[in-house]
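Asks: So the sequences go chain by chain: A and B. Using the numbering used here, you'd call the opening residue of the first sequence number 38 and step up by one each time. Using the numbering used here, you'd call the opening residue of the second sequence number 38 and step up by one each time.
These aren't lab readings, by the way, just hints derived from the structure by calculation. Each hint should be verified, as a subset may be incorrect.
Treat identical chains as interchangeable: a pair holds within one or across any two.
The calculated SDA-like cross-link candidates involving lysine to any residue, where the alpha carbons are at most 25 Å apart (straight line), are [claimed, not checked]:
# : residue 1 : residue 2
1 : Lys440    : Arg268
2 : Lys440    : Ala210
3 : Lys230    : Val462
4 : Lys230    : Leu61
Protein chains: 2
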Amino acid sequence: MPRSKDAPADRSIPSSAASGSDFLQLRAADAPAGGLSDWLAQRLRLAVSDGRLAVGDRLPATRTLAEELRVSRGVVTEAYQRLIEDGHAVGRGRGGTVVVAAPVPAAAPAPERPAERPSPQAVFTAEPGADVFDAVRAAPARIDLSPGTPDLASFPRTAWLRAERRVLGTLAAPGFGYGDPRGTPQLRLAVAKWLARNRGITVSPDEVLIVSGTAQTLALLAQVLHGRGVRELAVEDPGALGARQTLQYWGMRTPPVPVDADGIRVRELRASGAPAVLVTPAHQFPTGVVLGGGRRRELMRWAAEEGGLVIEDDYDAEHRYDRPPVPALRSMLPEHVCHAGSVSKLLAPTLRTGWIVAPPELHGALVDAKRFTDLGNAALPQLVVADLMETGELERRLRHLRKRHRARRDAMIRAIATHLPGAAVQGAAAGLHLTITFDADFPDTALAAAALARGVKVQPLSWHRLDPGRPGLVLGYAASTATEIAEGVAVIGSVLG
Amino acid sequence: MPRSKDAPADRSIPSSAASGSDFLQLRAADAPAGGLSDWLAQRLRLAVSDGRLAVGDRLPATRTLAEELRVSRGVVTEAYQRLIEDGHAVGRGRGGTVVVAAPVPAAAPAPERPAERPSPQAVFTAEPGADVFDAVRAAPARIDLSPGTPDLASFPRTAWLRAERRVLGTLAAPGFGYGDPRGTPQLRLAVAKWLARNRGITVSPDEVLIVSGTAQTLALLAQVLHGRGVRELAVEDPGALGARQTLQYWGMRTPPVPVDADGIRVRELRASGAPAVLVTPAHQFPTGVVLGGGRRRELMRWAAEEGGLVIEDDYDAEHRYDRPPVPALRSMLPEHVCHAGSVSKLLAPTLRTGWIVAPPELHGALVDAKRFTDLGNAALPQLVVADLMETGELERRLRHLRKRHRARRDAMIRAIATHLPGAAVQGAAAGLHLTITFDADFPDTALAAAALARGVKVQPLSWHRLDPGRPGLVLGYAASTATEIAEGVAVIGSVLG
C-alpha cells in the first residue's frame, strides 16, 4: 500500500468537506509508513465504535475519500474491504459501502478490586473467603511474618540463571513444543533421586507426576476422588485453611480430626468414617507437631484395614533442625499413601513446581486430570529445577537455608520470651514457622488486625481451626531478618500489653 | 555424631557375629562423614524393608552393635531412636528394641507405558483416546508435519535469557513468594497492550487473567459453566479433537455445528439450542477458513439475542500472510465473548502461557477457578514474556515468523502440487498448517499410519470431524524446513500412489 508520491507533509482534512472525511478527524501524516489501509480501517472502526459513524451510514465514496486524504483509491478500497470482512460494513454495489454493525466500546477500566486495598480490619473481621490470602498478601505491611515462605531474599538467582543458560544451550527444538503431561523425563528422574536421598522413598521416574505445586495436587486428587464417588476427605484440626478451601472448592466435605502432641488422632479418624485424609506428618501445619512413631503405625493400619487413602503433604519436611527428617509415610505403604512435595519451601513458591507420587491405582487418572487441566507444566522451569537437583545446587541451598532459618527461629523464640512472656511456643523443631498460643480468651483475629494496623502481618491461629481452641498466632520466621522478627514480635507484644 | 577416634579404616563385619550385625552387611567406612546415625538408621530400614529384619525381631543390643561397628554407643542409640520415631520399631525397656512394622518395598519400576512406544498402526487404528496426542508425540518419525507448533528451532533463546537476567536482576524478594492468581501485573498490562495493538481489543489489565495456555482456558471455562448448570458447549465440525476432549473431560456435551467456506454456520448453531459455542474465527481449525463478515454479525446477533456465550480461541490469529488479521470478535461484543489467546504459536507451546479476557460477569468465577487449580502461573516466565512484549522483541519475532512460515507454506503448496496433484488445499492464507482433502473414499487414518510407517508424521482430518466427510490430512508446515516439507509430502504421495 504505497502512499501517493506527491502527498504533502500535512494531510489534515479541512473541516468543510461534509460529504467526505472530516468526521474522521484524519491526519494521514499520523499513519505508519507502509500500512495506510490498515491505519484507515482502524480509524474507521474507531469512528463506528464511538458513534461518529452510525449503523446505516454510508461511507464516503472511495474516490472522494482518496482525494481528500491524498492517497491512492486502492488504499481506501482495501480499508473498506477490511470493514466488510470483519463484519462492520457491507458493500451494496451502487449503494456504496454501508455501516451495518458497531463494536461495543469497552467499559471504562474497572476500579481496583476492593480486595486489593483492604483495611486491616476488612482482612480479619469477616469469615475468611476464597480470596482471603490474596487480600492478606495485598495488605501493606512493614514486616511480614506470614507463614509458608522460605528465605526469599536468598533465592539463588545466579545459579538459576546459569542453569537456565545450560538448559537453553542444549534443549533441542522439539523440546519447545507440547510435552509429556507427566512432566519432563529429566525432572521426574531428578525428583525420584531427590526423594530417595532425602525422603526415604524408592520410586521410579514413571511414577512421578510433575504438577504446579501442592495446591494443584489437592485439586487434581479431589477431582479424581470426586469422580469415584468420594465426597469426604478428612483434614487435621487445626489444619491449613488454604488446603481446606481448595478441597471444598472441588466438592469435598472436610470433616476435622483433632491433632494432639503426637499428631493426628487416628482413632477419631477411624470414627469419622472418611475414606481419605490429608495429613502433614513431617511437621504438622500449623502446630508443628511431628507425627509420632505409634501414630504412624496406627495410620498405616487404618489405611490398610479400611482401604483408606492417606494424602501426605510433605510441605517442609526437609527443614528439620535437630536431626534428619523422618522418612516419608509413602515409604511405608505405597498402595495407600499419595505423597505430595514441591520446591515452594526449598526454592520459592512462585516457581509453582511440585510432584505427586500416587498409589499406582490413582496414577493414570491423575495424569489424565493433569493433561486436561493444563497439558502439563512448562518445560523450561522444570529443566532448570532438574539441573539444580542433579548438580547438588539444591542440596547446597537447603543446607544454607537450614542454617539461616534456624538462626531466625532462634531470634523469634528469644523475641517471644522477651515480648510475649505469656505465650506458649509450639512446633519449633522444624519448618518455616512456629505457633504461639495464649492462655486467655480473646479473638486472635482482633490481635492480627491490630498488629497489621501497626504494620506487622501475622495469621490468626483460629483461621486454621475448625473446633474452637485457645487464641494464637502462626508466625513465619524464614523470610524475615532477625531485626525484623524482633521488631515484629515487639509490636505484637505492645498490641497485647 | 562423631566417629570414635580409634576406628580403623575397614569396618566390615565378620560374618560369624550371629547375635550382632552381620545380617546388616555393614561397612561403616561407607558412611558419610558426620552422619553415622543417619546412615545406620537407613541401613536398618533397608534391612527391615527387604526382610533381613522381620517384624518381631529384636535389634542387636546397642552395646554389641556399637562394638562391632566400632562406633560410639550413642550413634546406635540415636539410630534406634529414629526407627522408633518413624514407626518401624518400639523400645521395650529390658526387652530391647523390637521391629514392629515394615515398609512396603517399592514395586520394580514399571515397564515403559505402551503409549510410549506405539507402533504406527496403534496410534491411528483405534478410536483416539485421552492420551492420543501423547502417543503421537512419542511415536518416532523422521519428519514431523503435525499441526500446531510454530518454528521451534528459531525460539529466541538469547533474547529469552537476556530478559530473564533483567527480570532476576530487578525482582524484589516478595516477588518469589505466592502471587496474584490472576497473573503478575506486568504481564496483564503487557497483554492488554498487545491485544490493543494486535487484536483490536480495548481492555484493562484488571480484566486479563493469565492462564497456562488455551487448554487451561477451556478447562476453567467448562468448570465455571458446569457450576452454573451448563452441560452443552457447541463446537465447530470439523474442529480440534483436543479441544473437544478437554471439554468432554470437564463434563460438557459438544454438539457439532458445521463449518463451510464462510466459517461456522450460525443458523445450525441457533437450531442446536446450545447456550455456548467454541469458535476459531481468525483461522478455523482445521479448515483454515476465516469467519466471514456476515457470519460475524450473525454470530454476534445470536449471542445478543439468545444470551449465548462465544468462546473465541484466537490461537494463531497473528499469523496472517496476505493482510493484517481481522480484529478479534471480542472487540464487537465484550459482554458475550470470552477471548482466549496464548504465546504457544508466537513463542513456544512449552511456555504454557496464555490469557483469558472474559465477559465481566464470568471474570470473578474464572479467577476463583484458577486460584483453586494452581494458585496462578509461575511468576518468572510471566515476567520474561512481559519483558519480551514490552521491548518489542515479540513483535520482531512475529515478523520473523510470518516471513519464515510463509516461505514454508509456499514450499508445502509447491510440494503438494507436485506430489499430490489430486488433493485440494484449504486454509493456506494464514496460520501454521493447511488442510488437504481427497476426492476419494478411503480412511485417512490408514494414510496417516502408512506415512508414519515411512517416517512422516501427519494428522488425519477425520480425527477432527464429527460428521463424516472427505478423507484428508492436516499438515503443519511451520516447524519443518522446506527440504523436510518437500520430502514429507513426497512420501505421502508415494504412499497414496
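Asks: All hints are to be evaluated individually against the structure, with a verdict given for each.
Replies: Outcome of the hint check:
For the homomeric pair Lys440 and Arg268, neither the shortest alpha-carbon distance inside one copy (42 Å) nor that between copies (54 Å) is at most 25 Å. Only between protomers do Lys440 and Ala210 lie at most 25 Å apart by alpha-carbon distance; the minimum there is 19 Å, versus 41 Å within a single protomer. In this assembly of identical chains, Lys230 and Val462 lie within 25 Å of each other by CA distance neither inside one copy nor across copies; the values are 35 Å within and 50 Å between. Taking identical chains as interchangeable, the C-alpha atoms of Lys230 and Leu61 lie at most 25 Å apart only when they sit on different chains, with a minimum of 23 Å there against 66 Å within one chain.
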